[in-house]
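Trainee: Following the hints, position chains B, C and D against chain A.
Residue numbers (the numbering used here), protein chains in the order written: chain A, 3 to 335; chain B, 3 to 335; chain C, 3 to 335; chain D, 3 to 335.
Do not rely on the hints blindly, as some may be mistaken.
For identical chains, the list gives no copy identity; a pair is met inside one copy or between any two copies.
Keeping only pairs whose Cα atoms sit at most 25 angstroms apart, straight-line, the calculated DMTMM-like set for lysine to aspartate or glutamate is [said to hold, decoys possible]:
#1 Lys236 x Asp276
#2 Lys226 x Asp276
#3 Lys27 x Glu107
#4 Lys281 x Asp247
#5 Lys251 x Glu107
#6 Lys226 x Asp254
#7 Lys115 x Glu104
#8 Lys133 x Glu59
#9 Lys301 x Asp84
#10 Lys133 x Glu183
#11 Lys301 x Asp211
#12 Lys46 x Glu310
#13 Lys27 x Asp297
#14 Lys281 x Asp243
#15 Lys27 x Glu59
#16 Lys114 x Asp297
#17 Lys27 x Glu140
#18 Lys251 x Glu183
#19 Lys251 x Glu283
Because the hints were derived from the structure by calculation, they are not lab data. Note that the structure is a prediction, hence the values are computed from the model and not measured.
There are 4 protein chains.
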Amino acid sequence: MIRMGVIGYGYWGPNIVRNFHNQEKIRVVAVCDGNPAALNRVKKLYPDIRLTTDYQEITTAMDIDAVAIVTPVSTHFKLAMDALSNGKHVFVEKPMTATSAEAEELASLAQKKRLIIMVDHTFVFTGAVRKIRQLIDEDMLGPLYYYDSTRVNLGLFQHDVNVIWDLAPHDFSIMAYLIPEKPQAIVATGATHLNGHADVAYITAYFADNMIAHLNVNWLSPVKVRTTLLGGAKKMLVWNDLEADEKIKIYDKGVQIKNAESVYSLLVSYRSGDMWSPKVEQQEALSLECSYFVDCVEKNQTPFNGGETGHHIVKMLEAASSSLQNKGKVVYL
Amino acid sequence: MIRMGVIGYGYWGPNIVRNFHNQEKIRVVAVCDGNPAALNRVKKLYPDIRLTTDYQEITTAMDIDAVAIVTPVSTHFKLAMDALSNGKHVFVEKPMTATSAEAEELASLAQKKRLIIMVDHTFVFTGAVRKIRQLIDEDMLGPLYYYDSTRVNLGLFQHDVNVIWDLAPHDFSIMAYLIPEKPQAIVATGATHLNGHADVAYITAYFADNMIAHLNVNWLSPVKVRTTLLGGAKKMLVWNDLEADEKIKIYDKGVQIKNAESVYSLLVSYRSGDMWSPKVEQQEALSLECSYFVDCVEKNQTPFNGGETGHHIVKMLEAASSSLQNKGKVVYL
Amino acid sequence: MIRMGVIGYGYWGPNIVRNFHNQEKIRVVAVCDGNPAALNRVKKLYPDIRLTTDYQEITTAMDIDAVAIVTPVSTHFKLAMDALSNGKHVFVEKPMTATSAEAEELASLAQKKRLIIMVDHTFVFTGAVRKIRQLIDEDMLGPLYYYDSTRVNLGLFQHDVNVIWDLAPHDFSIMAYLIPEKPQAIVATGATHLNGHADVAYITAYFADNMIAHLNVNWLSPVKVRTTLLGGAKKMLVWNDLEADEKIKIYDKGVQIKNAESVYSLLVSYRSGDMWSPKVEQQEALSLECSYFVDCVEKNQTPFNGGETGHHIVKMLEAASSSLQNKGKVVYL
Amino acid sequence: MIRMGVIGYGYWGPNIVRNFHNQEKIRVVAVCDGNPAALNRVKKLYPDIRLTTDYQEITTAMDIDAVAIVTPVSTHFKLAMDALSNGKHVFVEKPMTATSAEAEELASLAQKKRLIIMVDHTFVFTGAVRKIRQLIDEDMLGPLYYYDSTRVNLGLFQHDVNVIWDLAPHDFSIMAYLIPEKPQAIVATGATHLNGHADVAYITAYFADNMIAHLNVNWLSPVKVRTTLLGGAKKMLVWNDLEADEKIKIYDKGVQIKNAESVYSLLVSYRSGDMWSPKVEQQEALSLECSYFVDCVEKNQTPFNGGETGHHIVKMLEAASSSLQNKGKVVYL
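Bound conformation, chain A alone:
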C-alpha cells in the first residue's frame, strides 16, 4: 500500500485525488491547499483524508510514501526538492519545472536517492496515443516525414506562463513518446496581445533525415481544434481528438518518386487507397497513469515519463520560448 499526500486542490487536483483514491494499492492520506474552500471540498467527498494548509506537513510526514504536486509550475521545483529530500516519491504536474536546470537537478536527485519521479503527461496514456504508438511500432506508417499538430481554443489564459508552456507540453510529450529520435533544433514564432505573455505561437522542431514537426498553439481561437497529422512514407495518419468515435484515421495515400524520362516529365506519382479507423480504447488516461505510478514505485522502475523525459520537454519549452523572443532565431538542442 502506497500512502500518498497531494499538494494542490485547484483545477486539476480533484482528478488527481479521485484517480489515486481509486487505485487499490494506494491510499490518499493527506491533502494540502492554501485555500480553505478547497479543503472543504475535499472533506465533503473524502471525510477520512487529513487536511492541511502547510505543504511541509505533506513532504515531511512519516506516514506518506509519495507526494503528488498539483500546483503552479513555478512552485514545482521547491516542492519536489522537499519531497525527494525527505525520501518521498514524486508525481508532478506538467511541465516538470520552470527551467531545465531545475528539471535536471530534480531528475538527478531522484536517481541518486533511487526514488521515482513521474511527470503527469496524461496524454500519452490516452487510447489514441497508445494506438498511434502501436501503429508506429508496427511500422505501418513507414519513415515519418512530418508531425503537424494544431491545438487551439479560446483561453484559459495563464498568469505566469505563455501559451507554449501551457499547451506545447502535450505535444512535446506525445512526440517524445511516439518518435524515437529527439529534435535537433527549434524555431518558434508568435505574438503577444493581451497580458504580456505570448498567446499565439508556432513551433517547428527539426529532426534528423528531414523529419519535421510543427505545433500551432493558440489561446485566441474561436474554435477548439485538436488535430495532428502524421505523414509517413507508407501511410498517413490523422488524429482528431475531438471526434467521439473515429479519433484516428489511417490513409493508404502517398507519393513516390519515379524515374523521369526528361526534366519536364512528372517526377512524382500519387497513390490513393482505402481509409481505416481503428477502434481506440476508452479507459480514462489518468487512471492508467496512476496505475503505472504504482507499478513503477513497487518495482522501483524508472518511468518512461520520468525525470529525464520531463527534463527533455522543459528544454524544448525553453528553446521554443527563447526562439519566439528572438523572432524565430534557431535554437540548437
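Mentor: Okay, now just chains B, C and D, sitting in the frame of chain A:
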C-alpha cells in the same frame, strides 16, 4: 471589344479561355501552346480561334490587344516583357514572376507604357474573400490579432517550384487584399522529402502592432484542408473554403483584459456569444476577374491585383523561401 | 426542506440522487434498491443516507415528503400509487407508466390529493430545447411545416419495451413542449430483428394544418445521430444535439408560392440567406429539473411535465406501438 | 455506330447529349426541343447536330437507331411508344412513366420488338453504389436488417409530381440494384404545404424476413442530406454521398442475442470494432451508363435497368403515393 491571345492551354488554360470567351466585351482570337494535342482540344470547343505553337505570333499580332499568359512561372517574365514591349495588356498567372527583380521590371514597364498588367490571383474574387473584406471594412472584427491559414493536401508536385511558390501565393494575395498593412518580416521553416523542393512549409509574417500571420502549406497531407482563422479584438472569423454552404462563420467570442486586484487575480475575461454565417455569393471568381480586367483596360485603371501587388507577393515568396533555406532566419522586408 | 426517498439506484439513479442531493432545499434521506452492491455504492458516496431493499420503507416513511421512482417502467404505476396514497409527492422516470390507463389513474389521484407528480422528461430542460422554445415563442420560424427527428445509435436493448418506448418519449416530450397543438393521429412502422421487441421504428404524427412530425428511432445504427429539423414558413432550424458548440442553426431559407402565369410556369420561389447559431446555455438539465420540482412542491403548482403531459406522452407511445403492430394502420388520438 | 436522337434539352438534356456524344460508338445526329433558345445552345456546342422542334422528326427518322427521352415524366409514355413503334431503341429519363400500366405496356412492346429500353437510373452507376453492391455480393454485411435513406434539401419543386415521384426513384432504383428481394408492401405518410403536391414524405417498404426500408424525402429542408444506413447482421454501412472522399464507411459493429440465464439478464450483447472506408471510383456515372447502353444495344441484351425494373419502380412510386393519400394505409405489391 478587346481582342485577346492566350499563351498556354495546359491545366488552367481552358478555364482562362472559357472565361474570357464568355465576356461580352472580349474576343479570344488566338491560342498558343507547344502541345498539338492541347491545340486540338481548343479546336474542338472553339473552331473559330486561331492556333499556333509560336508564342510570338501572339505577342506581336496586330489584331491582339491583350495577352493572357498561362504558362509555368519561369516563363512569365520573358513572355510578359515581349507582350508589353509590343504594346499588349497582360493577364498573367500567379505568381507574377520567378524573382522580385523581374516583377519590378514588368510593373515598371507596364506603368511606363500605360498598359494594364494584372496577376491572376483568382481567390480574391471569390464570394468568400469579398465577404470577409466587406466585414473587415465594416470593422466587424476589430483590430486583427492574427491570420492563420492551413492549405494542405496531397500533391500536384511541381517541377520547378517548392510548395511555398505553389500554394502561398493564394494566402499572400488574400492577405494583401484583406489587410491594409504590409508585413515587416518573414520567418519560414520547412522540409524537403521527395524531389528536391520543399514540400512542407510553415511561414510566419510579422506585421505592426503584434498582428501576426501564419501559413501552413503542405503537399503531403492525406486530407485536404482550406481553413483560415482571423482573430480580432471584437469578433473572430473562421473561413472553411471546403464547406459547401457555410464557408464563413463569425464568432461573437473574445477575451479582454480586466483590471487585476493583485498579481494572482485573473487578468483576462472571456466572452462567448452567438455565431453567424453570412450568405456568400456563388458567382465564379475567374469570371468576375475577367470582367474586372475588361474594366481596367477600358478605363485604363490600375488594378488592385496589378504589377505592384504582384511584385509585393513575389517579394514575400522570395523572403519565405530564403528564410526556409536558412532554418527560419528572419528576413526583413 | 423537502425530504426525499429514491427508489432504484441502477443506471440513472445515481444522477437523480446526486442532483437532488445538490439542491439546497432538498435532503435525500433514504435510497432503496434490491441490489446490495448498488446500496454499497450509495453508502460510499453518501454515508448519511438511509438504505433499504424494501420500497415500502420509502413510500410509507414518516420522514419522507417526496419519492423519486427510478425503476423499470413496468413498476412505475405500483410504486407511484403507493407513494401518492401515502401522501408523498412523486418524481417518476419517463415514460410515466406502461399503459395510458395507469397514467390517467396516477394523474387523477395526484390531482385529487393535491400532490405533485412530475415525469422526468429531462430533455425539455436542456439549453437547446429551451432556446428552441424561446425562438418559437418569438415566432421566429413562422407557422411550422414539419418536425423531423432522427434518434439512432447502437443499442442499449431493453428487456421489457421496444425502441419506441425507449427513445420516442424524448421526442414526444420535446414536441409537447415546443408545439402548442396535439397530434391528431399516429402512423408507425418498424421491424423486430433480435429479442422480440421492435428495434427500428418510424413514427409519423399528424397535426392540424398539414403540420407533420416524424421520428426515426433505431437501436441498430452504427453511428449515433441526434438531429432534429424544424421547417417553418419563415425560417428553418436544425438542432444537432451532438455538436459541442453549435447545437442550433437557424437558416434564413424558405420557399413561397408565386402567382403562376401558366400551368407550366414556376410556382414556387426560393429564398436563401444567412445562417445564425445562437448561444445555448450549458447548465445541467437534470439540475434545473430538480430545482423546478422544488418550486412546484413549494408553490403547490402543477408542473408542465406533470401527470397530464406524462399521460399524453404514454398515449402517443401506445398509439405508435399499436400502429407498428398493424403495419402502419392509422391510430386517431 | 449507333445513331441517336435526343428529345428534350432542358435541365438534364445537356448532360445526356454530352455523354452520348463522348461515346466512341455513338453519334448524336439530332436534338429536339420546343424551346428555340435550347436549340441555340445545342448549336453553339455541337454545330453538326441536326435540330428540330418536332419530336416526330426524331422518332421516325431513318438515320436514327435510338432515342433518348429527356422530357417531363407525363410525356415519357407517348414519346417512348412512338420511338419503339418506329423500331428505335429507347433511353428514357426516370421515372419511366407516370403510371405502372404505361410502364408495363412499354416494357412489353420493347420485348416484343426485341428493342432495348433503358431507364436512366444514373445513381446505380456511381462508384459508391457499385462499391456497396460489391460489398453485399461478398456478403460483408451479412443478412440485411434495414435500409434507411434520407434525401432532403430545399426544393426544385416540380409542377407535375410530388416529392415521392421526384426523389424516391433514386432510392427505389438503388434498392432494386442492391437488394435481391422485392418489397412486399409499402406504407407512406407525408404532407402538402405549398403547391398542392406532397413536399415531405416518409416511405416504409416491408421485405421478407423482417428486412425493412425507409425513405425520408423532403423538398423543404434547409440543409442538404444524402445519407443511407444499411444495417446488417455482420457489419453496418453508412453511405454519405455528400462526403468528398469518404463516402462509404463500414462499421465492424453489431449486436447478437445471447442465452439468457433469467428473464432479467441481458439478452443482447454488443460488438464494436474498427471502421473502414474503401476507395470509391470517381468515374462519371452517366458516362458509364451510356457505355452500358451501347453494350446492351450491340449485344441485344436486356439491361438490368430496363423495362421490367423501370416498371417495378413505377409500381412502388404509385404504391407510396397512394398510401400517402390514405394516411399510411398499407399497399401490398
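Trainee: Have a look at Lys251 and Glu107 and pick one of within, between, both or neither, based on CA distance no larger than 25 angstroms.
Mentor: neither (41 angstroms within a copy, 49 angstroms between copies)
Trainee: Given a CA cutoff of 25 angstroms, do Lys236 and Asp276 count as a within-copy pair, a between-copy pair, both, or neither?
Mentor: both (13 angstroms within a copy, 20 angstroms between copies)
Trainee: Checking Lys133 and Glu183: alpha-carbon separation at most 25 angstroms within a copy, between copies, both or neither?
Mentor: within (19 angstroms within a copy, 42 angstroms between copies)
Trainee: Using 25 angstroms as the alpha carbon limit, work out where Lys27 and Glu140 are close: within a copy, between copies, both or neither.
Mentor: neither (33 angstroms within a copy, 51 angstroms between copies)
Trainee: Between copies, within a copy, both or neither: which fits Lys251 and Glu283 at Cα up to 25 angstroms?
Mentor: both (15 angstroms within a copy, 20 angstroms between copies)
Trainee: Reference check for the pair Lys301 and Asp84, CA-CA at most 25 angstroms: within, between, both, or neither?
Mentor: Within. Shortest intra-copy distance 23 angstroms satisfies the 25 angstroms Cα cut-off; inter-copy 58 angstroms does not.
Trainee: Is it within, between, both, or neither for Lys27 and Glu59, if the alpha carbons may be no more than 25 angstroms apart?
Mentor: within (22 angstroms within a copy, 38 angstroms between copies)
Trainee: How do Lys251 and Glu183 come out at 25 angstroms by Cα distance, when the copy is not named: within, between, both, or neither?
Mentor: within (24 angstroms within a copy, 35 angstroms between copies)
Trainee: Within a copy, between copies, both or neither: where do Lys46 and Glu310 come within 25 angstroms Cα-Cα?
Mentor: Neither: 38 angstroms inside a copy, 39 angstroms across copies.
Trainee: If the cutoff is 25 angstroms on CA atoms, where do Lys281 and Asp247 land: within, between, both or neither? Let me know, please.
Mentor: both (8 angstroms within a copy, 20 angstroms between copies)
Trainee: Between Lys114 and Asp297, at a C-alpha cutoff of 25 angstroms, which is it: within one copy, between copies, both, or neither?
Mentor: For Lys114 and Asp297, only the intra-copy Cα distance (20 angstroms) is at most 25 angstroms; the inter-copy one is 63 angstroms.
Trainee: With identical chains, the pair Lys226 and Asp254 could be close in the same copy or across copies; at 25 angstroms between alpha carbons, which is it: within, between, both, or neither?
Mentor: between (27 angstroms within a copy, 14 angstroms between copies)
Of the hints listed earlier, those the structure fails to meet are numbers 3, 5, 8, 11, 12, 17, in rising order.
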